[in-house]
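K.L.:
Sequence:
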Amino acid sequence: MARTRIRINTKSKRIFQMRIAGLGFRDGYVLVHRAVDEAFWTFPGGRAEIGETSEETLRREMVEEIGAEVSVRRLLWSVENFFHYEDRDWHELGYYYLMDIPETFPFHPTDIVHRIRDEHDLEFKWVPATTAALRALDIPPYFIAEEIENLPVSPRHLVWRDGDLDLKS
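Note that full-length UniProt numbering has the sequence shown beginning at 1, numbered continuously upward.
If you are wondering where the hints come from, they were derived from the structure by calculation, not from laboratory data. Among the hints, a few may not be true.
As the list claims (entries may be wrong) - Quick list of simulated restraints, FRET-style, between CB atoms:
id	residue 1	residue 2	range
1	111	13	33 to 43 Å
2	7	38	12 to 22 Å
3	26	82	27 to 37 Å
4	103	13	39 to 49 Å
5	15	108	29 to 39 Å
6	123	69	17 to 27 Å
7	103	12	22 to 32 Å
8	108	138	14 to 24 Å
9	51	110	32 to 42 Å
10	38	146	29 to 39 Å
11	13	153	22 to 32 Å
12	50	152	20 to 30 Å
13	131	51	36 to 46 Å
14	86	158	34 to 44 Å
C-beta atoms are modelled at their ideal positions from N, C-alpha and C, and glycine is treated no differently.
Please take these sequences and the hints and turn them into a complete structure.
P.N.:
Next up, the structure:
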């Protein structure tokens with residue numbers, strides 16, 4: 001069966017997509033990734049596909065990207081995020097989950113721990129799970145940096161505007 005990602009492109013340079021991401025922690029660090037041609041990092045995940053739940057999306061994306069089966073623990077945030085990127089206006093519906101990454105996945109406190117070719121060349125690394133570290137790395141959506149040291153105990157819904165990400169490149 002053909003895969004259909006949830007993304008709507010318009011002729012007016014406006015895009016809607018549904019993205020699912022996970023926050024995985026180890027020894028006071030959180031896993032992040034980026035396309036090697038990007039200036040900013042983000043939390044690993046990807047676009048949902050029609051017919052799959054957000055938890056299924058996260059598990060699938062982690063198998064595809066890090067080659068590991070993660071345990072999805074709980075939803076942290078649902079976010080309506082608006083931003084400008086690659087000369088287009090984006091409306092992204094995002095679900096951010098707490099997840100457990102198997103101990104077999106590599107860990108190093110400073111080095112890139114994993115690389116893969118997906119739609120882009122991606123690299124993964126662990127960064128300190130602190131507000132200061134996430135601010136320094138420029139990780140959208142930016143509200144997560146403010147909450148990384150005190151994750152919500154129940155899911156939160158936010159409307160967020162990350163602004164012009166093209167200025168970050």
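K.L.:
Decide, hint by hint, whether the structure agrees.
P.N.:
Hint check:
{"no.": "1", "hint": "111 - 13: 33 to 43 Å", "verdict": "holds, 38 Å"}
{"no.": "2", "hint": "7 - 38: 12 to 22 Å", "verdict": "holds, 18 Å"}
{"no.": "3", "hint": "26 - 82: 27 to 37 Å", "verdict": "holds, 32 Å"}
{"no.": "4", "hint": "103 - 13: 39 to 49 Å", "verdict": "holds, 44 Å"}
{"no.": "5", "hint": "15 - 108: 29 to 39 Å", "verdict": "holds, 35 Å"}
{"no.": "6", "hint": "123 - 69: 17 to 27 Å", "verdict": "holds, 21 Å"}
{"no.": "7", "hint": "103 - 12: 22 to 32 Å", "verdict": "violated, 47 Å"}
{"no.": "8", "hint": "108 - 138: 14 to 24 Å", "verdict": "holds, 21 Å"}
{"no.": "9", "hint": "51 - 110: 32 to 42 Å", "verdict": "holds, 40 Å"}
{"no.": "10", "hint": "38 - 146: 29 to 39 Å", "verdict": "violated, 22 Å"}
{"no.": "11", "hint": "13 - 153: 22 to 32 Å", "verdict": "violated, 39 Å"}
{"no.": "12", "hint": "50 - 152: 20 to 30 Å", "verdict": "holds, 28 Å"}
{"no.": "13", "hint": "131 - 51: 36 to 46 Å", "verdict": "holds, 37 Å"}
{"no.": "14", "hint": "86 - 158: 34 to 44 Å", "verdict": "violated, 23 Å"}
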